[in-house]
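Student: So you can see what is in the structure, the chains are spelled out below.
2 protein chains.
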Amino acid sequence: MEVSNKYITIKTQIERAPKETDFELKTAAITLSIEPGSNDAIDAFGVAKVVVSGNPEFQKDELVVGSISWGEYKLVKGGDRFRKLDPMGFPLSYHAGMLGYSGLAAYSGFFEICKPRKGEKVFVSGASGSVGNLVGQFAKLLGCYLVGSVGNNEKVAILKKKLGFDDAFNYKEEPDYKAALKRYFPDGIDIYFDNVGGEMLEAAVANMNLLGRVAACGAIAEYTDATKRAAPSMLDVVYKRIKIQGFLISDHMNLYADFISMASEHLLNGKIQPLEDISNGVESIPSAFIELFQGDNIGKKIVRIAED
Amino acid sequence: MEVSNKYITIKTQIERAPKETDFELKTAAITLSIEPGSNDAIDAFGVAKVVVSGNPEFQKDELVVGSISWGEYKLVKGGDRFRKLDPMGFPLSYHAGMLGYSGLAAYSGFFEICKPRKGEKVFVSGASGSVGNLVGQFAKLLGCYLVGSVGNNEKVAILKKKLGFDDAFNYKEEPDYKAALKRYFPDGIDIYFDNVGGEMLEAAVANMNLLGRVAACGAIAEYTDATKRAAPSMLDVVYKRIKIQGFLISDHMNLYADFISMASEHLLNGKIQPLEDISNGVESIPSAFIELFQGDNIGKKIVRIAED
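In the order they appear, the protein sequences are chains B and V. The numbering used here runs 3 ahead of the 1-based position in the first sequence. The numbering used here runs 3 ahead of the 1-based position in the second sequence.
Please note that the accuracy of each hint is not assured.
What the hints assert, rightly or not - Listed below are the simulated DSS-like cross-link pairs for lysine-lysine, each with C-alpha atoms no more than 27 Å apart in a straight line:
hint : chain 1 : residue 1 : chain 2 : residue 2
1    : B       : K143      : B       : K274
2    : V       : K231      : V       : K52
3    : V       : K80       : B       : K231
4    : V       : K29       : V       : K118
5    : V       : K143      : V       : K163
6    : B       : K164      : B       : K121
7    : B       : K118      : V       : K118
8    : V       : K87       : V       : K118
9    : B       : K185      : V       : K231
10   : V       : K274      : V       : K231
11   : V       : K246      : B       : K143
12   : B       : K181      : V       : K231
13   : V       : K87       : V       : K121
14   : V       : K246      : B       : K121
15   : B       : K231      : V       : K231
16   : V       : K118      : V       : K63
17   : B       : K80       : B       : K29
18   : B       : K9        : B       : K22
19   : B       : K243      : V       : K163
20   : V       : K181      : B       : K185
21   : B       : K243      : V       : K274
22   : B       : K231      : V       : K118
23   : B       : K243      : V       : K304
24   : V       : K243      : V       : K274
25   : B       : K274      : B       : K243
26   : B       : K243      : V       : K243
27   : V       : K246      : B       : K231
28   : B       : K181      : V       : K246
29   : B       : K185      : B       : K143
30   : V       : K185      : B       : K243
31   : B       : K231      : V       : K185
32   : V       : K246      : V       : K118
33   : V       : K143      : V       : K9
34   : V       : K118      : B       : K304
35   : V       : K121      : V       : K274
36   : B       : K118      : V       : K243
37   : V       : K246      : B       : K118
Claimed, not checked - Covered by chain B, per the in silico footprint, the following chain V stretches (three or more residues, Cβ under 8 Å):
hint : stretch
38   : 10 to 18
39   : 51 to 59
40   : 243 to 253
Hints were generated in silico from the structure; no laboratory data involved. Quick reminder that beta carbons are idealized off the backbone N, C-alpha and C, glycines included.
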């Protein structure tokens with residue numbers, strides 16, 4: 004079986020922030036045989052449907068999640084990196100985002116790394132992102148006081164009106180992050196879920212309470228500019244006994260079943276709101292990817308390659 | 004009962020590094036009645052002998068440990084901050100240092116915060132200090148690879164010859180800490196016990212392995228100069244899932260009995276070596292204190308006010 008496959012490749016080595024011109028759309032015939040050939044497409048987490056299979060564990064038309072590519076079709080050897088997907092009545096996009104790795108990152112980072120308690124004061128940066136918005140929603144479900152930082156006022160409004168944040172602010176309008184956090188947290192911060200690194204981390208540590216916890220999930224401020232590194236006061240870290248911990252979901256796959264059970268229940272009863280930002284077609288992948296670095300997306304950025 | 008008491012006071016507010024002229028030696032008659040008067044002496048952890056007591060739980064000539072003062076005598080109300088001391092045959096100085104809070108800091112920070120395993124690669128800064136030298140000795144007892152950083156070559160020799168460190172270096176002779184640690188840890192650092200903060204922390208994080216742990220015990224580089232703050236890469240923290248955790252012994256008093264049992268056993272069987280730096284007399288307290296900031300002491304700095 005041969006199909007024409009559109010896919011995205013990297014044209015040049017990407018230095019710091021990606022640009023559209025770093026990528027190239029290619030079209031190539033691809034033979035869907037049992038043995039995969041090699042191609043130069045880029046891997047990404049997603050949901051796919053089996054078109055043809057030589058593996059008896061996977062049948063035609065079954066849905067799977069796992070490492071697919073930035074393209075319409077992918078040839079897979081073996082198939083051990085995929086698991087079958089029961090969509091449980093949810094749109095497939097949920098399974099690529101809030102019920103996928105973004106959701107697991109929010110769940111494991113918040114519950115395992117931060118060990119939150121009801122009533123604690125929680126600060127989330129990048130709070131309208133795929134992980135941040137869910138951390139916030141988990142914090143509210145637990146009964147925490149919650150403030151988020153984002154990069155524009157539309158996002159501020161969504162956090163407060165749609166997602167139940169107690170407060171939110173646009174960091175681009177705050178000349179002094181430390182003073183801003185002092186204002187939003189007059190009683191200090193117990194938990195900081197950090198998606199940005201840089202000066203916001205420094206300001207959060209300065210405003211942190213005794214035994215505060217920082218889950219280091221991302222450092223977008225540092226991806227594109229190493230000079231924006233954070234220099235939190237280590238005296239604060241020692242005397243306030245602060246824990247700063249990086250994590251990746253690969254260490255927390257054991258929590259997946261608990262997470263899916265909790266998140267799907269609250270999606271059904273309406274206590275968790277989906278927040279998705281969907282583009283269409285392979286052609287839109289590079290711009291969708293670049294948006295992540297510019298902070299243009301609101302919620303989980305999804306590219307729909309084909310209809311559900 | 005009235006005695007003449009020599010004690011040390013603070014003359015001026017101390018800005019950053021203390022100087023001898025910040026302190027003053029005073030002599031005053033002190034009436035050792037049951038009700039304490041107030042004085043302006045400075046509190047410090049130490050071992051003392053009861054001279055007179057109105058508390059039936061404490062008898063004359065009993066030894067106690069707790070918050071004594073920078074002076075020859077102290078009037079204590081109640082006495083609940085003291086516990087009786089059984090010296091177990093050890094010199095009293097041990098109980099003010101390696102069997103006291105310094106030892107507990109080393110024990111709790113290393114075992115509870117770092118959770119070390121045999122064969123792991125351990126880096127200790129301030130490695131000849133009261134806490135650092137014991138962390139190193141615990142690490143060797145467990146079978147770790149161990150390197151320490153110190154501020155002069157005499158200390159390097161002591162760590163390697165007396166305390167069994169696998170290697171040690173004088174940070175003042177290293178223009179590039181990151182390169183130095185790369186040389187001493189070609190396979191990376193699993194555990195960093197941080198007594199100094201600043202650039203050494205940044206370099207240790209850069210050389211850290213996956214799932215590395217940093218116990219933040221002190222930040223001497225930052226006490227006296229806030230511009231020397233560390234700016235570790237948060238991308239390293241996230242991708243290598245590094246934990247940086249501050250701690251104080253007050254959170255770990257529950258470990259005291261285990262610690263004393265372990266440390267006293269190894270002092271007796273010679274597997275832990277005492278490392279003490281003893282001055283004599285109340286007059287020597289300010290200079291002893293200042294030495295801590297200059298890194299002049301080797302091992303636990305003790306001031307002996309009276310003979311055992």
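Student: Would you mind marking each hint as holding or not holding in the structure?
Tutor: For each hint, the structure was consulted:
no.	hint	result
1	B:K143 x B:K274	holds (10 Å)
2	V:K231 x V:K52	violated (42 Å)
3	V:K80 x B:K231	violated (52 Å)
4	V:K29 x V:K118	violated (46 Å)
5	V:K143 x V:K163	holds (12 Å)
6	B:K164 x B:K121	holds (22 Å)
7	B:K118 x V:K118	holds (19 Å)
8	V:K87 x V:K118	violated (31 Å)
9	B:K185 x V:K231	holds (24 Å)
10	V:K274 x V:K231	violated (37 Å)
11	V:K246 x B:K143	holds (26 Å)
12	B:K181 x V:K231	holds (19 Å)
13	V:K87 x V:K121	violated (36 Å)
14	V:K246 x B:K121	holds (24 Å)
15	B:K231 x V:K231	holds (16 Å)
16	V:K118 x V:K63	violated (43 Å)
17	B:K80 x B:K29	holds (22 Å)
18	B:K9 x B:K22	holds (20 Å)
19	B:K243 x V:K163	violated (34 Å)
20	V:K181 x B:K185	violated (35 Å)
21	B:K243 x V:K274	violated (34 Å)
22	B:K231 x V:K118	violated (31 Å)
23	B:K243 x V:K304	holds (25 Å)
24	V:K243 x V:K274	violated (34 Å)
25	B:K274 x B:K243	violated (34 Å)
26	B:K243 x V:K243	holds (24 Å)
27	V:K246 x B:K231	holds (21 Å)
28	B:K181 x V:K246	holds (23 Å)
29	B:K185 x B:K143	holds (21 Å)
30	V:K185 x B:K243	violated (31 Å)
31	B:K231 x V:K185	holds (24 Å)
32	V:K246 x V:K118	holds (11 Å)
33	V:K143 x V:K9	violated (42 Å)
34	V:K118 x B:K304	violated (38 Å)
35	V:K121 x V:K274	holds (17 Å)
36	B:K118 x V:K243	holds (20 Å)
37	V:K246 x B:K118	holds (15 Å)
38	10 to 18	violated (count 0)
39	51 to 59	violated (count 0)
40	243 to 253	holds (count 9)
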